[in-house]
Amino acid sequence: MVKKKKIAVLFGGRSSEHEISIITALQAMQAIDPLAYDILPVYLALDGKWYAGDKLLDKSLYTKFEREKKDLTQVLLPPDPSIRGFVPVVDGEAKLKKPLVPDACLLAFHGQYGEDGCVQGLLEMASIPFTGCSVMASSLAMNKTVCKKVAAAEGIPVLPYVEVKRQAAVKAIDAAAEDVERRLGADSYPYFVKPVHLGSSIGISKARDRNALKVSLAKAFQFDEKALVEKCVTKIMEINVAVIDTDPVCASVVEIPISSGEALSYEDKYMRGGSKTADASQGMASLQRIIDPADLSPELKNRAREYAIKIYEAIGAKGISRLDFILDLNDDTLYFNEINPIPGSLAFYLWERSSPRLLYPDLIGHLIDSAIKRAALKESLVPLVGFKALK
Amino acid sequence: MMFTALLTLSFSFFLYRRIKRYLRFLQQDDYSASRFVKWFFENRSFDKRGTALALAGGAVSLAGWDPRPLMIAGFLLLAIFEGDPQRSGKMTLKMTERAKRLLWSAFLLASFSFLSTSLLLYSLMPSWLTILLFCQAAPLYLLFSLGLLSIDESRRQRRFLNEAKKRLLEVNPLVIGITGSYGKTSTKHFLSRLMQLSLGPTFYPGKGVNTPMGITREIRERLKDRTPYAVVEMAAYGPGSIRRLTRLTPPRGAILTTIGKAHLERFGSQEVIAKTKGELAEAVPEDGFLVLNGDDPFLRRMGKQHQNKTTLYYGYSDERGPLDLKIVIGKAGVKGTEISFIYKGKSYEATVALHGKPIIANLASAFLTACHLGADPSFVAATLPHMEAFENRLQVRAEGDTIFVHDAYNSNPVGFAAALEVLGSVDGQRRILMTPGMIELGQDQEYENEQAALLASRVADIVLIVGWANRKALETGLLRGGFSPEQMHFFETRDEALAYLKKIQKKGDVVLIENDLLDLHETKEAF
Chain G
1 MVKKKKIAVL
11 FGGRSSEHEI
21 SIITALQAMQ
31 AIDPLAYDIL
41 PVYLALDGKW
51 YAGDKLLDKS
61 LYTKFEREKK
71 DLTQVLLPPD
81 PSIRGFVPVV
91 DGEAKLKKPL
101 VPDACLLAFH
111 GQYGEDGCVQ
121 GLLEMASIPF
131 TGCSVMASSL
141 AMNKTVCKKV
151 AAAEGIPVLP
161 YVEVKRQAAV
171 KAIDAAAEDV
181 ERRLGADSYP
191 YFVKPVHLGS
201 SIGISKARDR
211 NALKVSLAKA
221 FQFDEKALVE
231 KCVTKIMEIN
241 VAVIDTDPVC
251 ASVVEIPISS
261 GEALSYEDKY
271 MRGGSKTADA
281 SQGMASLQRI
291 IDPADLSPEL
301 KNRAREYAIK
311 IYEAIGAKGI
321 SRLDFILDLN
331 DDTLYFNEIN
341 PIPGSLAFYL
351 WERSSPRLLY
361 PDLIGHLIDS
371 AIKRAALKES
381 LVPLVGFKAL
391 K
Chain Y
1 MMFTALLTLS
11 FSFFLYRRIK
21 RYLRFLQQDD
31 YSASRFVKWF
41 FENRSFDKRG
51 TALALAGGAV
61 SLAGWDPRPL
71 MIAGFLLLAI
81 FEGDPQRSGK
91 MTLKMTERAK
101 RLLWSAFLLA
111 SFSFLSTSLL
121 LYSLMPSWLT
131 ILLFCQAAPL
141 YLLFSLGLLS
151 IDESRRQRRF
161 LNEAKKRLLE
171 VNPLVIGITG
181 SYGKTSTKHF
191 LSRLMQLSLG
201 PTFYPGKGVN
211 TPMGITREIR
221 ERLKDRTPYA
231 VVEMAAYGPG
241 SIRRLTRLTP
251 PRGAILTTIG
261 KAHLERFGSQ
271 EVIAKTKGEL
281 AEAVPEDGFL
291 VLNGDDPFLR
301 RMGKQHQNKT
311 TLYYGYSDER
321 GPLDLKIVIG
331 KAGVKGTEIS
341 FIYKGKSYEA
351 TVALHGKPII
361 ANLASAFLTA
371 CHLGADPSFV
381 AATLPHMEAF
391 ENRLQVRAEG
401 DTIFVHDAYN
411 SNPVGFAAAL
421 EVLGSVDGQR
431 RILMTPGMIE
441 LGQDQEYENE
451 QAALLASRVA
461 DIVLIVGWAN
471 RKALETGLLR
481 GGFSPEQMHF
491 FETRDEALAY
501 LKKIQKKGDV
511 VLIENDLLDL
521 HETKEAF
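Chains as they are written, first to last, in our numbering: chain G, 1 to 391; chain Y, 1 to 527.
If we strip away everything but chain G, and leave its shape as in the complex, we get (with noise of 0.2 Å):
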């Protein structure tokens, strides 16, 4: 009999999509096969701490969180490849000599310090596998400017763009924007503002014009210091489509999320579900959504699936991302838009449509077994060691 893995689900964080985070990483761990698979859930909880125990299984834990975590065990993480595990602390005390040690971590993170490459460089630091990004592709994924360079770089279109810095606009915003409408053309109104490094519609907003650009602006720098501006499409469509690391890299079917208003909220997003008996707290499956589109033309969708492909390889991705695009129905440019390193839900409910078909269990178990391989390959490269301008 195959001795079962054990498989650590980190997820939490602190960062603002942390209970979307807590989201995505319940489903997973409902849907990783547990005849194959030990979980070991571990819970990086808004007072900075790390938690593990098996009650971070029951979705109502995390409302109470403050009363209920004294029957968690806190670990800590240390970044030492003699240990590749958690350890627990018990009244203050490390207990260095009985790590927790998985085979390798499931990362359900949204957003920063999970999602942006910290989490995945203290975990390459003790050796331990993880799924999904590596460093460099985590951080870069996460800054859309950098990402809108790299997509212009390999030919694929992108939005008109100007990136804000907070330290610039706290002190004179009225020429920080008369800066953006020059370089965007003051005529091109309406724009749209986002953080540059978050996820998840959040301290997004449209400005219609300059006052309205300010204010926009304020909302963003409440959550980051860069804001980035950029050029409304007016007749809009938004297409998604996710991108996984199978032997050839693969692409999903392609799903057009529907939105309440001109673009998808966090509200829209997380708070409505797809009917009136959908449960809210499903996250990105719950939303509204066409997967596959029948009368979306086949160019079309081939196209998407053919820059995200693109995008993904170009940065170096792993394991399963989500590219969002934009396509301008008035001439049917496709423009990247973002991609997001770890999707919500892991959009499984994308791949569940696609051909080969992929259930959850399995994308988790392909993302595990290739996160493994990859650690291993990893190890066999040679370390550089012994002292040559010392001696």
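The hints are simulated quantities; they were obtained by calculation from the structure and are not laboratory data.
Note that the structure is a prediction, hence the values are computed from the model and not measured.
A couple of the hints might just be wrong.
To be verified - To list a few chain Y residues with every Cβ distance to chain G over 10 Å, as calculated:
#1 Q27
#2 N43
#3 S111
#4 P285
#5 Q305
Claimed, not checked - Below 27 Å or equal to it, Euclidean Cα-Cα: the simulated DSS-like pairs (lysine-lysine) are:
#6 G:K55 x Y:K94
#7 G:K95 x G:K6
#8 Y:K346 x G:K165
#9 Y:K326 x G:K171
#10 Y:K346 x G:K206
#11 Y:K207 x Y:K165
#12 Y:K275 x Y:K357
Here a beta-carbon is modelled for each residue, glycine too, at the ideal position from N, C-alpha and C.
Model the placement of chain Y on the given structure of chain G, informed by the hints.
Quick look at chain Y alone, frame taken from chain G:
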């Protein structure tokens, strides 16, 4: 013997629950023995249930039977019936370390003395009589423990205070103090957010924390390194209390929002209130600055007493003197209010998600302060639409077909009038007011409630009066304003009023819910 043991256990259980319940009221009054005693007598909170049961036991024993089984079962039931103050009531009991110490010392003292009294006076006093005496004495044990523990408490508090002072010296933030009869918390909320966004990391104690002990705890627990700014709300519980706070957190700048009539019964007169709040202005050094509400005559007067400091005024009208920031209010609606701030000759416009003149004045004071500290006024103006009124401040919300104006917290004449203004300015068919009136206004309470009701009669179509406290004054004011008795309805509790409201609600209604009182004054809890 068995019966005696069981009776002791059962009665002790009851004592524990009863003392815990009293503790909730003591905690709400900030552990002030005098205020607790005042409440106790006003509310007539002496024991009735336990006494009734004890008397029943007495009757039974006079009839020749053993009263103990009845009392064992009875006190067990009563104890359960006391309920858990950690779950019931609007402000529940928080089992802090201090609360725990008080509860346990009071309970242990009470049950120990009950046991010894029963044993020693066994032959002199029947058990039901001893029990009756202890039922009445329960609150005394709580007060006695309060006194007993106060020595240790002050030592503890002094240690915490010194730790906090040390921390403040280490981090050395620029402190802005805020005081005033009302609007402190809103102003603190706005100012700390504006400063955080436009100037740098800003420390501020949490919601409702405005006493030296509370602020000390927050400083010890949450003040991080490299925090250049701090905003501290300072409440005056009596003369000298603000001065004490300023010794803990010496301010460089201060905002004084208003000198009103809130908590008049604690101070005695508005002059005393002014003097007490003035302690904050006095604590500001010569190179500091004062931000004062220019519409308030008391504050204009106070400003003149501090000519050696930079004094800045904000307000709606310059009839009392020049304004450094003039507020102009435009249209109001469900989406918010259009406002302009005129500062240094320029006009900064925004649509804010706030309603009512008082809270917009609070926002203005925060704007003025942030700009004076060096923030770009254009940037600060751009952040104004993102300032939210948080819970229990005047909010306008559509719930189904009805628009609700919630003004639920600590009402005062100015706030009430402003809320009525907003009620009048929102589009709707029928206007309904639900309120218990205003409290803690001392001598002026009856007059102010009558005046408010008079104002209300001009705006509202239906008025729901909650509770007995101001019933007469409100009804008088409404009748004077031409209301007919059919238009007003009386309810003992807010739950009853809300139920009635739900019944009569129609499309196009605009409902103002004004003032949600702490249960110290609303319904009388039974003991």
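Results for each hint:
1. Q27: holds (19 Å)
2. N43: holds (32 Å)
3. S111: Since the minimum Cβ distance to chain G is about 29 Å, Y:S111 lies beyond 10 Å and the statement holds.
4. P285: holds (27 Å)
5. Q305: holds (36 Å)
6. G:K55 x Y:K94: The given pair, whose Cα atoms are some 26 Å apart, holds under the 27 Å limit.
7. G:K95 x G:K6: Satisfied, since the Cα-Cα distance of roughly 20 Å is no more than 27 Å.
8. Y:K346 x G:K165: holds (25 Å)
9. Y:K326 x G:K171: holds (23 Å)
10. Y:K346 x G:K206: holds (26 Å)
11. Y:K207 x Y:K165: Holds. Y:K207 to Y:K165 sits at ~21 Å (cutoff 27 Å).
12. Y:K275 x Y:K357: holds (25 Å)
Checked against the numbered hints given earlier, this structure breaks none of them.
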